[in-house]
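If you want the building blocks of each chain, they are given just below.
There are 2 protein chains.
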Amino acid sequence: MKLELTPVPGFPLIKPGDDLAEIIINTCEKAQIGIQDGDIFVLAQKIVSKSEGRLVNLNDVAVTEDAVNLAEKTGKDPRIVALVLSESRKVLRYRTNVLIVEHKLGFVCANAGIDHSNVHGMKGNPDDWMLLLPVDPDGSADKIRTKIEARKGVRIGIMIIDSHGRAWRNGTLGTVIGLSGVPGLVDLRGQPDLFGFKLKITQVAAGDELAAGASLVMGQAAEGTPVVHARGFPYALREASLNELIRPEQEDLFR
Amino acid sequence: MKLELTPVPGFPLIKPGDDLAEIIINTCEKAQIGIQDGDIFVLAQKIVSKSEGRLVNLNDVAVTEDAVNLAEKTGKDPRIVALVLSESRKVLRYRTNVLIVEHKLGFVCANAGIDHSNVHGMKGNPDDWMLLLPVDPDGSADKIRTKIEARKGVRIGIMIIDSHGRAWRNGTLGTVIGLSGVPGLVDLRGQPDLFGFKLKITQVAAGDELAAGASLVMGQAAEGTPVVHARGFPYALREASLNELIRPEQEDLFR
Chain A
1 MKLELTPVPG FPLIKPGDDL AEIIINTCEK AQIGIQDGDI FVLAQKIVSK
51 SEGRLVNLND VAVTEDAVNL AEKTGKDPRI VALVLSESRK VLRYRTNVLI
101 VEHKLGFVCA NAGIDHSNVH GMKGNPDDWM LLLPVDPDGS ADKIRTKIEA
151 RKGVRIGIMI IDSHGRAWRN GTLGTVIGLS GVPGLVDLRG QPDLFGFKLK
201 ITQVAAGDEL AAGASLVMGQ AAEGTPVVHA RGFPYALREA SLNELIRPEQ
251 EDLFR
Chain B
1 MKLELTPVPG FPLIKPGDDL AEIIINTCEK AQIGIQDGDI FVLAQKIVSK
51 SEGRLVNLND VAVTEDAVNL AEKTGKDPRI VALVLSESRK VLRYRTNVLI
101 VEHKLGFVCA NAGIDHSNVH GMKGNPDDWM LLLPVDPDGS ADKIRTKIEA
151 RKGVRIGIMI IDSHGRAWRN GTLGTVIGLS GVPGLVDLRG QPDLFGFKLK
201 ITQVAAGDEL AAGASLVMGQ AAEGTPVVHA RGFPYALREA SLNELIRPEQ
251 EDLFR
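Here the protein sequences come in this chain order: A and B. The opening residue of the first sequence carries number 1 in this note's numbering; numbering runs sequentially from there. The opening residue of the second sequence carries number 1 in this note's numbering; numbering runs sequentially from there.
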């Protein structure tokens, strides 16, 4: 019944081409963290993006007229704005230093999840290297999961998370951007409570609840703990995709 | 470093007038859950509201003209709409069966957090009894905390949470509606990451991250585990209030 969220200690810095499944297995072994049926690994987006080489140098970005206009309105570097636009379906809102967009992957987030890369050993000025989100985070999660499951002979789940702001409330929350084998939504429709009332709240964002809890122990400052091992997730694992967590625009009262 | 979220087993059904601090202490003792410095108890809103007698019978509700109009537009019971309006500052959006409001307490939520009470032993038709949110959830959390701290000689935190929907994404998330002694927001401004970049994300909604994780193990259907014991919260406990988690309307791009 207890949920245990353990940041995996001793995780190495990730470089393009690194095999995250291997590294997770090896780092858990060194840390004496067993991998059992039902366990879930929650991964910071940055290490997945880095391993996949999703790096762009700002000096290689073609700046569009739209980007120049939005850069003037937001005070952002027009090359960064151009990158954000190229990763987005549409801009929902903007203000100084922030663009709130609908990302090509479907979710709403600030600046299309693009950040400075912090990858060591790249050419030129390190400030010029930006890190984009994975092209297909569900697919990335799936590959890592398949490899760990095959190597360890277990049934696990993988989630890739990022820190997202939200409407109405201050502060960021760890939020799912890709998953494999973990239910994003859990449908409690029709389950009676103790007095036989049918539950009104039908869908719990179980994946995002786990993402938020894992984010808490992952921390923000260092990249030393980009992987959290979760044991005790209270719902059955199943095949899933990010889409179940995304509210379609036509059903969204705030887009 | 590990975060452990344990639903407290054997929690009794709560009635108006019950002393939650006493019940938490006794139930933890029976369950052999120790209470240590730094521990946090996460409480479902329903038990706090019930213990405070926040029950209203729909037959006692005065229906206003605004309520009748909104009831027609949403298909809701006009008496429930009147209750929602009386608990809210303003209605932000509505559609069939849902009113999204800014609650008097400052946060945005559906139907002002009002639900069927599920309290046993009330007069008349149990379907007529509704449960409102606590009048002052920070104050409620504070009272419970003070009593447990005095009885056990420890420094702890208390959070009261509810299941909130959100913009852009499907499903509900456990979300703080009141707290005492736990930071809602953690400011990481100025903390360098591994390569010396200043962190851009300055504020983490640590309280809401814990609320979401705790909600996961609290479950939705039964009221058997309305209290979660959290050990390993990674930030220092401090005095706090719900207000730090509420984005002021003038800074909110989505209200």
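You may find that some hints are simply not true.
If chains are identical, the list can't say which one is meant, so a pair holds when it fits in one copy or spans any two.
[As the list claims (entries may be wrong)] With a straight-line Cα cutoff of 20 Å, these simulated SDA-like cross-link-like pairs (lysine to any residue) come out:
1) K2 x T27
2) K2 x P234
3) K90 x A31
4) K30 x G75
5) K123 x A236
6) K2 x G139
7) K76 x S241
8) K143 x T27
9) K30 x K152
10) K73 x N26
11) K152 x N69
12) K76 x L92
13) K147 x R255
14) K30 x Y235
15) K143 x R93
16) K2 x I35
17) K76 x V91
18) K73 x S241
19) K76 x L131
20) K76 x P248
21) K15 x H103
22) K30 x N97
23) K15 x R189
24) K147 x L92
25) K123 x A167
26) K143 x N57
27) K73 x G106
Worth flagging that the hints you see were computed from the coordinates, not collected in a lab.
Against the structure, the hints come out as follows:
{"no.": "1", "hint": "K2 x T27", "in the structure": "between (24 Å within a copy, 16 Å between copies)"}
{"no.": "2", "hint": "K2 x P234", "in the structure": "both (9 Å within a copy, 18 Å between copies)"}
{"no.": "3", "hint": "K90 x A31", "in the structure": "neither (43 Å within a copy, 52 Å between copies)"}
{"no.": "4", "hint": "K30 x G75", "in the structure": "neither (46 Å within a copy, 59 Å between copies)"}
{"no.": "5", "hint": "K123 x A236", "in the structure": "neither (46 Å within a copy, 40 Å between copies)"}
{"no.": "6", "hint": "K2 x G139", "in the structure": "neither (30 Å within a copy, 29 Å between copies)"}
{"no.": "7", "hint": "K76 x S241", "in the structure": "neither (33 Å within a copy, 33 Å between copies)"}
{"no.": "8", "hint": "K143 x T27", "in the structure": "within (18 Å within a copy, 44 Å between copies)"}
{"no.": "9", "hint": "K30 x K152", "in the structure": "within (15 Å within a copy, 38 Å between copies)"}
{"no.": "10", "hint": "K73 x N26", "in the structure": "neither (47 Å within a copy, 58 Å between copies)"}
{"no.": "11", "hint": "K152 x N69", "in the structure": "neither (52 Å within a copy, 60 Å between copies)"}
{"no.": "12", "hint": "K76 x L92", "in the structure": "within (16 Å within a copy, 31 Å between copies)"}
{"no.": "13", "hint": "K147 x R255", "in the structure": "neither (38 Å within a copy, 44 Å between copies)"}
{"no.": "14", "hint": "K30 x Y235", "in the structure": "neither (29 Å within a copy, 26 Å between copies)"}
{"no.": "15", "hint": "K143 x R93", "in the structure": "neither (34 Å within a copy, 41 Å between copies)"}
{"no.": "16", "hint": "K2 x I35", "in the structure": "both (17 Å within a copy, 16 Å between copies)"}
{"no.": "17", "hint": "K76 x V91", "in the structure": "within (14 Å within a copy, 34 Å between copies)"}
{"no.": "18", "hint": "K73 x S241", "in the structure": "neither (36 Å within a copy, 34 Å between copies)"}
{"no.": "19", "hint": "K76 x L131", "in the structure": "within (16 Å within a copy, 47 Å between copies)"}
{"no.": "20", "hint": "K76 x P248", "in the structure": "neither (29 Å within a copy, 24 Å between copies)"}
{"no.": "21", "hint": "K15 x H103", "in the structure": "neither (25 Å within a copy, 47 Å between copies)"}
{"no.": "22", "hint": "K30 x N97", "in the structure": "neither (42 Å within a copy, 53 Å between copies)"}
{"no.": "23", "hint": "K15 x R189", "in the structure": "neither (44 Å within a copy, 26 Å between copies)"}
{"no.": "24", "hint": "K147 x L92", "in the structure": "neither (38 Å within a copy, 47 Å between copies)"}
{"no.": "25", "hint": "K123 x A167", "in the structure": "neither (38 Å within a copy, 40 Å between copies)"}
{"no.": "26", "hint": "K143 x N57", "in the structure": "neither (27 Å within a copy, 54 Å between copies)"}
{"no.": "27", "hint": "K73 x G106", "in the structure": "neither (25 Å within a copy, 30 Å between copies)"}
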